[in-house]
Amino acid sequence: MRYRPLIAALLIATAFAAVASDEHGKPIERDHVTAPVAPLMQTVAEAQTKSAGCNDCHQATDLPTMHASPAVVLGCTDCHGGNASVRWSGAAVAATPDYAAARDRAHVLPRYPADWHHPVSANPERSYTLLNREAPEFIRFVNPSDYRVVREACGACHMKTILAAERSLMSTNAMFWGGAAYNNGLLPFKNYLLGEAYTRDGEAAILEGAPATAEDRAIHGIIQRLYPLPRWQNLEPADIFRVFEDGGRNLSNLFPETGLPNAAGQIQRLEEPGRPDFRQSNRGRGTGARIAVPVLNIHKTRLNDPLAWFLGTNDQPGDYRSSGCSACHVVYANDRDPKHSGAYAEFGHTGTTQTVDPTIPRDRPGHPLTHAFSRAIPTSQCMVCHMHQPNLFMNTYLGYTMWDYESDAPSMWPKEQRYPNAAQMRSMLDRNPEGAVVRGLWGDPEFLKRVSELNPTLQDTQFADYHGHGWNFRAVYKRDRKGNLLDAAGTVVANDDPQKFKKAVHLSSSHADAGMHCVDCHFAQDAHGNGHLYGEVAQAVEIDCKDCHGTVSGYPTLRTSGPAAGPNGTDLSVLRNPDGRRRFEWLNGKLIQRSVLNPALEWELSLVKDSVTPAHPGYNEKAARAKLMSRDTKQLSWGTQLASAELAHADEQMECYACHTSWTTACGGCHLPIEANWKTESHRYEGGVARNWSSYNPQVARDDVFMLGLRGPTEGGKVAPVRSSSALVLSSTNANRERIYVQQPPIAASGYSSQAMNPHYPHTERKTETKGCTDCHLSASGNNNAVIAQTLGLGTQFMNLLGFHAWVGTTEEVVAVQVTEWDEPQAVIGSYLHRYAYPDWAARHRERDLALPTAQTHGSGTARCLQLRGEYLYVAEGEHGLVVYDAASIGNKGVSQRLITAPFSPLGHDTRVRSKNATCVALPTTQPVHPARNQGELMRATNLEQPAAAIYNYALVSDASEGLILVDINTLADGEFRNNRLHRALTWNPGGVLDGARHVTIGGNVAYVIAHAGLVVVDLSDPLAPKALATVPLSNGRASALQFRYLFVTDAEGLKVVDVTQPAQARLLPAATLRLDHAQGVFAARTYIYVADGAAGLAIVDIERPEQPRLLMHYDAEGAIQDARDVVVASTNASLFAYVADGSGGLKVLQLTAPDSQPNFYGFSPEPKPQLIARYTTRHPALALSRPLERDRAVDETGGQIAVFGRRGARPFNGAEMRRLYLDRDGAPWVVPDD
Amino acid sequence: MTDLKRIAALLVALATAPVVAQSPVATQAPANHLGVASCASGVCHGVAKPLDGTHVLRNEYVTWSHFDPHAGAYRSLRSEASARMAARLGIESAEREPLCLDCHAENVPRAARGPRFQFDDGIGCEACHGASSRWIASHDDQPSVTHADNLAHGLAALEQAEVRAAVCTACHVGSTDRHANHRLMAAGHPRLVFELDTYSELWRTSGGREHYRRDDDYRKRKTESDSVAVWLAGLLESAEQSLGIVASDRHSQGVFPDFALFNCYSCHRSMRLQRWKEPPGLAPGSLRVNDSALVMLAAALDALDPAGAAKLRAATTALHRAANQDLPAMRAAADSLQQQIPLLRQQLATRRISAADRNAMQDAILAAAERGEYPDYAAAEQAAMAVTLLFASSGRPLDAEPRIEALFADLKDDERYDAARFSRILNLVR
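So the sequence lines, in the order shown, correspond to chains S and X. Last residue of the first sequence? That's 1235 in the working numbering, and every number before it is there in order. Last residue of the second sequence? That's 430 in the working numbering, and every number before it is there in order.
Where hints are given, some of them may not hold.
[Stated by the list, open to error] Simulated crosslink set (DSS-like; lysine-lysine; CA at most 27 Å straight-line):
1. S:K1169 - S:K500
2. S:K546 - X:K49
3. S:K482 - S:K916
4. S:K916 - S:K1027
5. S:K160 - X:K49
6. S:K771 - S:K546
Don't read these hints as lab results, they were simulated from the structure.
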């Protein structure tokens, strides 16, 4: 019900008058003549009269009708309008008043000549909503194929395509808006509601889909209707941030009232005596920047926009394009790499033209290459939009991913730190929403253009030649799990080999390597849509691998069979290329495909059936074994004799690319720091400028994360690779530059964490570099525990976010130490990136002898265990019990005591749970979740969400005297501040089994409690009726960390390994014990486990083979680490960091990998090379650290979902499905060979 | 679907039915062949399913691609059978041999090929409809552009029986410039069989998909030819062309005329069977010029002009005799017979074929059968096709007509052809 007002707001949003001012000046009123609709047919003579005057100046053009087909007969004014009867007898271009007058009589003139740079014809830079304000007649003049006017110019022949294209996801953006709305808790509908569309006059439009039966809608995910996106100013926040809670009396006198401004700002001036409240305003939701940041972002920040309704931004290589049909069918110069641009590559990447028309300047960017439509659309044209992480991210196809600011930093950052002023920042941020751009060299467009020319000089990576959004994209290379570069044969390529990037395999799709462009696979329907409205990209795709490659039992049909294919599919065998040849042809038992772009290029398709047919020359035993492997894990027999139902990897159950994927992109989140003082323009609807803007900052973009899950039923419900898809953390700086919330992850509408995951098609298939047996099953040598943890989506604690603050528990207070810069890039102070992005500040940091200057504290009991989640810090404080601090204002300079226990009064807020001796607190996940939202018909039946496990309602507290205490913490996620009182829900210690309880680790429904008795394994499937499953004796156990099948425990004897494959049969592996003298806190991140080993420093232990742990090193930072008590690990950009609670030594920050210390830093688990980079001396001995936000943990060890899956019915594996990958029917692990 | 669906299946089953195609009189105009791809656009003739409410079906290209044997004409030159034939003929490659390409591709000069023209498209749209460069930009602009305008720009008037007959026979029968000679046959080329009306319908509905629909719109723009008229036009054109080949001296081989000018079955007889019988007036063992069109024409004339029929028969017999005499005599006889064709064409063109005429023609064909005028398979298949189209043109449905089915079942195997049995079965179709 909490959504009802939102839906109402959504429906009436467009009725509100524009509140924003307009910086474009007054439009010129003109009497435009609306040209007649272009005719279906006409005589050549008729057409010629419509071009007569035009040809006086445009004395030549490329294809006069834009169409290669001589069947099309059109005159200039048929498409463009204007007056062809105006004649000119002079030179094509003349700088005379007469010429200008004739031109202006012949041309259609804009209402906003300055914005269009009239009379220059180049697409203006970043025009966005100019199209919505401009007269349709002028839009038709500059781009007859713009959707607002396309019916008039192209409708006579192409109406069906027009109707489809307007409804396609490339126009509506519904997948993105719907996903963003659901994943961030704005709208609870997985059948999305929102999509972009405009009327001829540029008004917001409701879009009706092609008719479909209720049954078809259900089966195919077809949406009936899409509504415009509500204005951000009107839309209430979905986030459960304290600043958004109702109530509060005032913020400050400069408060920007953006929703419903009152006349004279009188209300804002009210000031109550006493401590200022940090809340947003005296009004309710949707006012006064109580708004939804993701929606603000969609309106104002360049995400994957502009889409097809708008012109490209035409300002950077990779951003040149038109709108409407021409957005794709008219080719611009965007990329100089022939693999990306085909034959267009030679024309550069600066959007200049090759036209023969003498009136078009050859050197002015923003013109198409020629006046011609093309179906030979190069991948670089697609990449104008598809280069963005949430937007299918087709970079992967070309073997690139987003650059992380770290690799080859010396070439990309200025030697002198930059201090850009606001104007300089805006000029860059309007082009490129990355906050880091204002400090980097690539903020200069002239540098940006030449980034790929740096490649021969680079050490760490190679860059792509396209830079849409102003971004840089780094090449992904084949590496082993340690991060060593590998050549095609799998041999290590030395990092100091000058030819290393030529020798190592660049992991572009084998399709791209064959010369294929996007249009060689995604034909007309995939590009235009089929007229139905969809909300999910995969639902709208008609092509499927098997349509061209066949299956183990059948040759390809050349009929499309993907989710959006019609009943008989599209007949690919009749397709013709622009040169007239058949696109596909069977020749002598071989299937040939011919390139759309390059008439000289054709290739033979690999046919799956041939690869599994022993007698066939194309037979490949490895492929045959994988494809024909039986489900019987005891025999592991395989062959063509098996029926499809007996196959382990049948194509009915799995997407081909579940294995045929060389790598997947993983965007471990983006930081959206909203700035109230940035006055910026809206990119949609009526546009206009208003305050509030957010940059957009990728944090950890990796290429080494491979996860599997299930697609939703409309897409076949198959096993597919899953990626983390751009989860957000939000911050906000208000008008007084007070940080009113800091790096907060939202909660999804389903109550799962917004650290969104999604099954997807990585587009990185290669012949050799595929997924092998040990990527998904236990290896015979026992070396892939971390790999499987990743594959299953359990997380590997490697790409964790530890943001602005490290949270430290000490003996007498809790401390939030600022460990990063606030500016973007949010470099860890003292780190490699810090040195390049902020050389002055890094120097100052060195002058301070690495001491961090800023921290916030609050007195506490002995804080041996603490956990930040959302805006609350949960601390186990011994005899104080569990204390939950309000940490919302931790970054707010306007709040004096930033950690507080009672934001109102103890009467209205009591988040302390008293107990005798609280020793530890653990939350089932460090990601904010709210299971209470995941209920009812809407979630279960309509959205196909699986129920959340009950354990996610609770915090678990170990108490040395009382055993295990469960506290229901949902109240802190319900947005209601009047009920914030915590009580214990359960106290459990039957027979004193948990006497001396001191540490808890949670793996789904199973808790691992360390007590006097040793490790006590507790089943919490029913959290209020726990069951003791097993007890493993320890020698004064201290802490534990879980990684898939193994629990790593520290005790007086050192590091021990407990096999918890079956938690009820948890068993110590005595041979695995590693002697350590002072082993305490422990943290497992992929194949290394970090043990706080007291005076010995930090022990780093190789656990690639968990049953044979190997001490890699002790690191004490040359004696600086003296009393290591606890450790956590997290990633920032491309580097890995460890944070050590060093007892009386305070907090130590270690850089574990950096491009200069570990060239293999892109590996799955590069060997750590620790360096001390920062320290903070706490006033009391530092005991514990809060675990960072787990960004790759989709699901827990017992199958309970944690992170939202963005598409309907998509989900991680459940417990039974996971176990099938590694346990046989008797519950025993089975293994696959390592090769 | 038409009544002819079934018959189509039967005919396709005819063991010896060749799949050949032709490039018509396309070289006559200085127009270019723009290629199949120029027609194949999804907004023109390449939609996936036929559209309602448009004057053409719009899926003609798709139908052609999948169901029209002409689309495979060039591809068949890549087949193993073609390779074997080429080897036997001592030619390097069927794909480059003009003898083959003349009918298996639109073998127009390079200069007459547009930028998207693809030679390997075999017999594409323009092979029959004419080179499109002069009409492609205007042919769809109705009503301002009439059918007559299109014809004036070089679109072939295929709805006119004579035009269609000329276009089709150019390959399916041959001409003086284009002749499937005996060497080709001996190397393995299938025997040419053709009857214009039957083949038109078979082709129009090949694969159960209509290439065009004879709907109101079609009738409004074009004259619709009655199937009997098409039949007769086909017979006339076939006769004229084949006689022309005989009359010309371009296809003799050494001392012999080209054997492919003769009725195959006049030599290719089973040695085991003795029930062969020459037609009246010919001695056993006579070689007979391929007279299948003439025999049918004579039967048709029996109903319309008995004297003319007798004259034609006499002239045909004379040709056969001359063919057994010497080469100049044969050519002269063919030439004189060929002279009669335009007169016959004129005679038939001025006559409106009535229902009674149709019945009489059918009777005449049956009577000729009884007289033993279809002594071999080549004549019999012509008679069967003729009787079938006459049956259908009287408005009787062919679907599941057991007598027609029996007729074609009897013709399933040319080796087992029996003229007496065929005559009995044919006589049941009334």
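Outcome of the hint check:
no. : hint             : result
1   : S:K1169 - S:K500 : holds, 22 Å
2   : S:K546 - X:K49   : holds, 23 Å
3   : S:K482 - S:K916  : violated, 46 Å
4   : S:K916 - S:K1027 : holds, 23 Å
5   : S:K160 - X:K49   : holds, 14 Å
6   : S:K771 - S:K546  : holds, 19 Å
Hint compliance for this structure: hint 3 is the single one not met.
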